[in-house]
Amino acid sequence: MFEILEARLLATAVKQFKIAAPEIARKRKPGQFVVLRINEEGERIPLTMADADPQAGVITLIFQEVGTSTAKLGKLKAGDSISDLIGPLGVPTHIEKFGTVVCVGGGIGIAPVYPIAKGMREAGNTVLSIIGARTKDLLILEEEMAQVSNVLKISTDDGSYGYHGFVSDVLQDFIDQGTTIDLAVAIGPVPMMRVVCNVTRNKNIKTVVSLNPIMVDATGMCGACRVTVGGRTRFVCVDGPEFDGHQVDFAELVKRQRAYLDPEKKAYEAFLHPGGACLGGKS
Amino acid sequence: MAETTEKKKRTQVPRQKMPEQEPKVRAKNFDEVPFGFTPDLAKLEASRCLQCKKSSCVEGCPVSIDIPSFIEMILQDDFLGSARKLKEMNSLPAVCGRVCPQEDQCEKVCILGKKGEPVAIGRLERFAADYEQAHGEFVMPPMEPPTGKKVAVVGSGPAGLTLAGDLIKKGHRVTIFEALHKAGGVLVYGIPEFRLPKAIVQAEVNYLQKLGVELKTNMVIGKIYTVDELMANGYDAIFLGTGAGLPTFMNIPGENFNGVYSANEYLTRSNLMKAYLFPQYDTPIAKGKNVAVLGGGNVAMDSARTALRLGADNVYIVYRRSKKELPARIEEVHHAEEEGVQFHFLTLPVKMLGNEDGWVCGMECQRMELGEPDESGRRRPIPVPGSEFNLGVDMVVVAIGTGANPLVPSTTSDLKTNKWGYIIADPETGATSLKGVYAGGDIVTGSATVILAMGAGRKAAEAIHKYLTEERV
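Chains Z and P, in that order, give the protein sequences.
Heads up: the first sequence begins at 1 in the numbering used here, then just goes up one per residue.
Heads up: the second sequence begins at 1 in the numbering used here, then just goes up one per residue.
What the hints contain is simulated information worked out from the structure, not anything from laboratory work.
Simulated pairs of lysine-lysine, DSSO-like, Cα-Cα distance not exceeding 30 Å:
# : chain 1 : residue 1 : chain 2 : residue 2
1 : Z       : K136      : Z       : K15
2 : Z       : K255      : P       : K287
3 : P       : K289      : Z       : K265
4 : P       : K216      : P       : K435
5 : Z       : K265      : P       : K274
Stretch by stretch, here's where chain Z covers chain P in the computed footprint (C-beta under 8 Å, at least three residues):
# : region
6 : 242-256
7 : 275-284
Facing chain P, from chain Z, some residues (calculated, C-beta under 8 Å):
#  : residue
8  : G42
9  : L85
10 : C222
11 : R256
12 : Y260
13 : A267
Beta carbons are placed, not taken as given, at the ideal position from N, Cα and C, and that holds for glycine.
Could you build the full structure based on these sequences and the hints that come with them?
Right under this line is the structure:
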């Protein structure tokens, strides 16, 4: 059992847990993820670690409630425990001094971008960060990102905060202003990563993306997370989660992510409305 | 004279069948197919054993169970004694009684099989083991005094569990590191409930824990600790029984369409994650109406029968050779046929077809014919020109074998592997290229059987015991 030491609401339906996991905290590097299982009936949920404190033996997870499993997770409070936590998994981010690194985070994707930006900064890079969300209330980790970035730009789709538009527009501005960019890291919803990759492709800026397909065991055993990169099938859990964004078949990834949408939607509705939503209807 | 008559009488008793669920009924549920022998049936079957002085069945058993003795104890009504006799050589008798290919081992060499049918050794093993699980109290077996040595076992499948049981009895401290959240390896993620109830596996794991084996789940060795780190942390010997956890795909176009599963994924969802109980359990699984399972081994049969139970109208086994070459156990093929699985022999899928949403909706196949024997001795399938046809399916399970998972070898310095990535280990001792590191089971041999992995665990346990007690470590 793994105890939740702190549970905090960061934004609408976005929660941050600090969990006691000394062995994982000791070993974890930026870019790596864990798999967790809430209880006996639970799914194996992969989540990229947003941070870790090896001295305190604590890891930080940030997640958005989007379905049954994450909603169940979101109901847990400090002092509660989850039954399983497995990690650190995946290949850590390749961090070295590249020069200028742009870190782009969209929505919940800001959580996995944060440790990478931090690592890049510590390695001596100039870190330009762009974070965005649909609206101001959904923006997370602004303060933390500001601390580890040389420059932080913010955008919201509805213009409620920062630049009115997408993170990719801000990136385009950087490029148009003649900023030399040695590496881009982009994490967020697939459409966002795809657009960022289109922007950087024109300028031949190497772009790393972190993918979040469906996984089961997450140790390379099942192949649920397969994705096509450069025409080859790769397993995100052991070969990734980070890949060269210019090589990723995003269209296939989107379709594979939606594989269980229907049954999951039904299960989620049943979870939200136990006993059925139309009790008053004809029987 | 009297003995001869007695023997004659014994041989006149026919081999007893286990009562089992009707095919039509069981194809709709996940309960175990056979019910097992009743005590009367078990004793009747046990009475067939000739108690040969030179028992070839024992030699046919990879873990050398004293077969005549355990059978005789059943005949004498000493069911618990029989189970304990089994456990002297086999830590997992309830498992082996169900999934061992006895027809290729002990029963193959049974003297009765020369003229008629061999003694149903597997069914008797299962009976005694089940009886003990249901009625027996835990009895501590003889344990040797503590040696102060620590052994790390990586993987809790049949090889690791067997080795752990052997070494704890020799007085060593044993810790099992399991990557998944449940112990048992392929016994829990791979073999379905209807063939091997998970409660049976859990009972065997509990037994080992009662003997003092420490079990650490959720530990992916190679990630949280490397083998080098385990050594540095004070383990005197390490056994790698990680299994062949890497799925093989056909490498044909369209394999990444939704609804195309590796058998590993399909079975893990259903067995380990209990997706057949969705939404009571949170893990979903596709419920294809027309399902193709590619391959002809036991895993293919398990996948096909799982698809039926999940509500498929048609389940096809698609196999590129003929029925004669099927690698699955005859019993499994028979069960699958009875339940309504359809077979497409001499058929090779060449392309998967998908719809706009990215779901598989068909499979282009080619007919084959058998040519000259290949290296494996089996006749090589050759495509028949112009024989392409489309099989309408909405789900495909690829069950054509597994490869070596590179997680442990790639993170262990100087651990030698062969060109396929399997760990190179001495077949007699399990010794690897690293001092104090042993390996066995599928990560050495490639996909094989539960009992062969157990045999490898047994041999490695002997070698590790010798290494820890005779050599200066």
